[in-house]
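S.K.: Here's the letter readout for the chains.
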Amino acid sequence: MTGKDNQMTGAEIVLKALKDNGVEHIFGYPGGAVLPIYDEIFQQDDIQHILVRHEQGAGHAAEGYARSTGKVGVMLVTSGPGATNAVTPLQDALMDSVPLVCLSGQVPTTLIGSDAFQECDTVGITRPCTKHNWLVKDVNDLARIIHEAFRIAQSGRPGPVVVDIPKDIQFATGTYTPPSDHVAQKSYQPKLQGDLNAIKAAVELMATARRPVIYSGGGVVNSGPEASKLLRELVELTGFPITSTLMGLGSYPASGKSWLGMLGMHGSYEANMTMHDCDVMVCIGARFDDRITGRLNAFSPNSKKIHIDIDPSSINKNVRVDVGIVGDITHVLEDMVRLWRALPKKPEAAQTADWWSQIDKWRARKSFAYTKSNDVIMPQYAIERLYELTKDRDTYITTEVGQHQMWAAQYFGFEQPNRWMTSGGLGTMGYGLPAALGVQIAHPESLVIDIAGDASIQMCIQEMSAAIQYNAPIKIFILNNQYMGMVRQWQQLLHGNRLSNSYTEAMPDFVKLAEAYGAVGIRCDKPDALDDAILEMINVKKPVIFDCRVANLANCFPMIPSGKAHNEMLLPDEATDEAVANAIDAKGRQLV
Amino acid sequence: MNAHLQPTGSAYFIAKETQVAESHTLSVLVDNEPGVLARVIGLFSGRGYNIESLTVSETEHQAHLSRITIVTRGTPHVLEQIKAQLERIVPVHRVVDLTVRARDLGHERPLERELALVKVSGVGENRVEALRLADAFRANVIDANIEHFVFEITGKVSKIDQFIAIMKPLGLIEVCRTGIAAMNRGPQGM
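Quick note, the sequences are listed as chains P and H, same order. Just so we're aligned: 472 in our numbering is position 472 of the first sequence, and the numbers increase by one with no gaps anywhere. Just so we're aligned: 139 in our numbering is position 139 of the second sequence, and the numbers increase by one with no gaps anywhere.
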């Protein structure tokens, strides 16, 4: 390239840098401070821009895109309100470790600090909700910063980054440097290979275990498909039972014989009891979140703990561990599998036989059992049927946040990683619909379903319009119980059944709403009509809003009430009104 | 099995609430780029950590490196977490807990010094006394007229605290302190 060829405007540099970083789709919304970039988008065909209806939608769509493909999601927003609307998905991506590059427009450098129209301190506001961010002050830095943004977003523990580009920088002419010439910032070099001595110590500890458990998380999904393969191999080799966090579902198949189901607050009885009573715990790419551990000082009190994580600050943060291994899951599991195979004396199956028979007793407790009804659709039944009717298809599931999310996690079986997109850490209502849009853009031929609640869905419902515009036939499956179900459940648990503002008195007619957007609306309130209605939803080649009327007062069990330990679960058949009212003591009430 | 009947202090190291908070001095080597100090401070406020003293300045101009010295207070677990969280910040090159390093080297504490400017105003006996004490503390007079002195004093925090305390009755007007600069003894770098 001669000196002249790589001279271009800032806006051209943005598009060139995106292309050179393999970007095919960006989700965004135009505005004054990004018009030069939008002008460049107009004049090219390599990158498709998906116009959302709200910047929050752009962020969640980019998250869904990223999590279903393993690629970096890209969003583009304008200055001021565009950037502030992006804050929720940025924090969401930070907590769930989703690689996201957010490009934002900014007022011209000469106006920064003058309280100009649509000005805000974007790098200041997004500093705590990104992995890193930049304000570009010189057009000649722009290409380098964008390349670095992609590197930082996807390396180490993935996360969101923001590149704030003032409008005069977009117009200015400068030099483009390709990614091949990019010099990475020296200070940020995440370690991929785990310490071999630590891995050796871990394998030796695992070999002595009589009551082992593997507890895997979203880090396995983030590390790539190879990590899931290795995890499955490790489970097969060791014969250890495995449970997973909400974020890690699919990395080990739900149909696998060693699968215990999800653990944590709404996890299975067998998973939580196994965690509580184990003697060796192998935590792989999870972070001992409070939804997982329950009461910390009663968390798995008699176990030796091994923790593999790419983020050194995760290790010993909430729970002290015996063997901490910092590294990428794929790299560490490769070593772990190799060292296990090389063990001079592998443990006999008999060593864990008693443990497995204990686990079978816990399994027999059937903690996900519920009372079926012929008159009204139980929400659990709705998810079960949805799973049965979609499991042989190429299906991706997203969710909103609340009871429906937990039921989806409990009753939908995930066999593969990257098939399950949910807001775990931040718990963002409104995530699911735009995330489904992002997934559908990445996988146009696949069946993409947002399992939603009637309250959550109204938080980003506007993206139906984007789905129609891009012929993205997403299916919105609403478990409609007229309540903010999880809020109500907590009010029943904690606040004497005083249902303050958790009942939605004015609910839209979701069928008409679908039709208003140009989508298809389906309503079902009879269990015996459900299968046909679901099949109809699947077969329609358009976006669908499915208003599934479910039992209004069903609650989500089993549950570890706040402030309780894993072995103090509230099981569905024990959850009488009285038990629910007294489940959480005064101390637990202060927790969330 | 009830959780509270579980034997404690079992197979793994249970976090003890009995841990005592300690004051530690951290040295943080960062790229000298816009916002880096805000990232460090934001981490402390966002995660509820304490800052007792903070000093920052460019130390290697060619390499664009700044050194931030932070005195913070917390239990050993919190201090370990602070270090790990600081290391996560993209422009941070290195974080060294100088207090831990000093112990490893067999010293009680790292070398820690602070500089203060102290303005004292007065006439007569107080003025003479202030000057006499300043001499005893090896403080320099860097500005004066017939009504006031500005002293420059360098030393350990305790020495500066003491100097300020005794200047109070002698007409102390204002104080400006730099915060702590620190490094470990011996030939090795951080």
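The set of hints was computed from the structure by calculation and includes no laboratory data. For clarity, every value in this text was computed on a predicted model and none was experimentally measured. All C-beta atoms, glycine included, are put in the ideal place defined by N, C-alpha and C. Hints should not be assumed to be uniformly reliable.
Derived lysine to aspartate or glutamate pairs resembling EDC-like cross-links, with alpha carbons at most 20 Å apart [unchecked claim]:
| hint | chain 1 | residue 1 | chain 2 | residue 2 |
| --- | --- | --- | --- | --- |
| 1 | P | LYS191 | P | ASP141 |
| 2 | P | LYS317 | H | GLU60 |
| 3 | P | LYS186 | H | GLU152 |
| 4 | P | LYS186 | H | ASP31 |
Derived contacts from chain H toward chain P, CB cut-off under 8 Å, selection only [as the list claims (entries may be wrong)]:
| hint | residue |
| --- | --- |
| 5 | ALA38 |
| 6 | GLY42 |
| 7 | GLY106 |
| 8 | HIS107 |
| 9 | ARG109 |
| 10 | LEU111 |
| 11 | GLU112 |
| 12 | LEU115 |
Derived DEER-like restraints, expressed as beta-carbon distance ranges [unchecked claim]:
| hint | chain 1 | residue 1 | chain 2 | residue 2 | range |
| --- | --- | --- | --- | --- | --- |
| 13 | H | GLU52 | P | LYS361 | 38 to 46 Å |
| 14 | P | LEU591 | H | VAL141 | 57 to 65 Å |
| 15 | P | ASP195 | H | ARG47 | 51 to 59 Å |
| 16 | P | LYS512 | H | GLY35 | 42 to 50 Å |
| 17 | H | GLU108 | P | ARG498 | 56 to 64 Å |
| 18 | P | PHE42 | H | GLN188 | 57 to 65 Å |
| 19 | H | LEU105 | P | ASP195 | 52 to 60 Å |
| 20 | P | GLU515 | H | SER45 | 46 to 54 Å |
| 21 | P | SER180 | H | GLY35 | 26 to 34 Å |
| 22 | H | GLY35 | P | LYS361 | 28 to 36 Å |
| 23 | P | THR110 | H | ARG47 | 31 to 39 Å |
| 24 | P | GLN7 | H | GLN188 | 58 to 66 Å |
| 25 | H | GLY46 | P | THR110 | 51 to 59 Å |
| 26 | P | LYS361 | H | LEU54 | 55 to 63 Å |
S.K.: Now look at each hint and say whether the structure bears it out.
M.R.: Each hint tested on the structure:
1. P/LYS191 with P/ASP141: Roughly 27 Å between the alpha carbons, so the hint for P/LYS191 and P/ASP141 is violated.
2. P/LYS317 with H/GLU60: violated (33 Å)
3. P/LYS186 with H/GLU152: Answer violated: P/LYS186 to H/GLU152 is near 39 Å, above 20 Å.
4. P/LYS186 with H/ASP31: holds (9 Å)
5. ALA38: holds (6 Å)
6. GLY42: It holds, given that the least Cβ distance between H/GLY42 and chain P is near 6 Å, below 8 Å.
7. GLY106: Not OK, violated: H/GLY106 not within 8 Å of chain P, min 26 Å.
8. HIS107: violated (26 Å)
9. ARG109: violated (25 Å)
10. LEU111: violated (26 Å)
11. GLU112: Status violated, d = 25 Å.
12. LEU115: violated (29 Å)
13. H/GLU52 with P/LYS361: 38 to 46 Å: violated (54 Å)
14. P/LEU591 with H/VAL141: 57 to 65 Å: 58 Å Cβ-Cβ, so the 57 to 65 Å window holds.
15. P/ASP195 with H/ARG47: 51 to 59 Å: With a Cβ separation near 26 Å, P/ASP195 and H/ARG47 fall outside 51 to 59 Å, so the hint is violated.
16. P/LYS512 with H/GLY35: 42 to 50 Å: At 49 Å between Cβs, range holds.
17. H/GLU108 with P/ARG498: 56 to 64 Å: Holds, since H/GLU108 and P/ARG498 (Cβ atoms, about 58 Å apart) stay within the stated range.
18. P/PHE42 with H/GLN188: 57 to 65 Å: Between P/PHE42 and H/GLN188, where Cβ atoms are some 59 Å apart, the hint holds.
19. H/LEU105 with P/ASP195: 52 to 60 Å: The hinted range 52 to 60 Å is violated for H/LEU105 and P/ASP195, with Cβ atoms some 24 Å apart.
20. P/GLU515 with H/SER45: 46 to 54 Å: holds (49 Å)
21. P/SER180 with H/GLY35: 26 to 34 Å: holds (28 Å)
22. H/GLY35 with P/LYS361: 28 to 36 Å: Violated, at about 56 Å.
23. P/THR110 with H/ARG47: 31 to 39 Å: holds (36 Å)
24. P/GLN7 with H/GLN188: 58 to 66 Å: violated (48 Å)
25. H/GLY46 with P/THR110: 51 to 59 Å: violated (32 Å)
26. P/LYS361 with H/LEU54: 55 to 63 Å: Holds, at about 57 Å.
Taken one by one, the earlier hints fail for this structure at numbers 1, 2, 3, 7, 8, 9, 10, 11, 12, 13, 15, 19, 22, 24 and 25, listed in ascending order.
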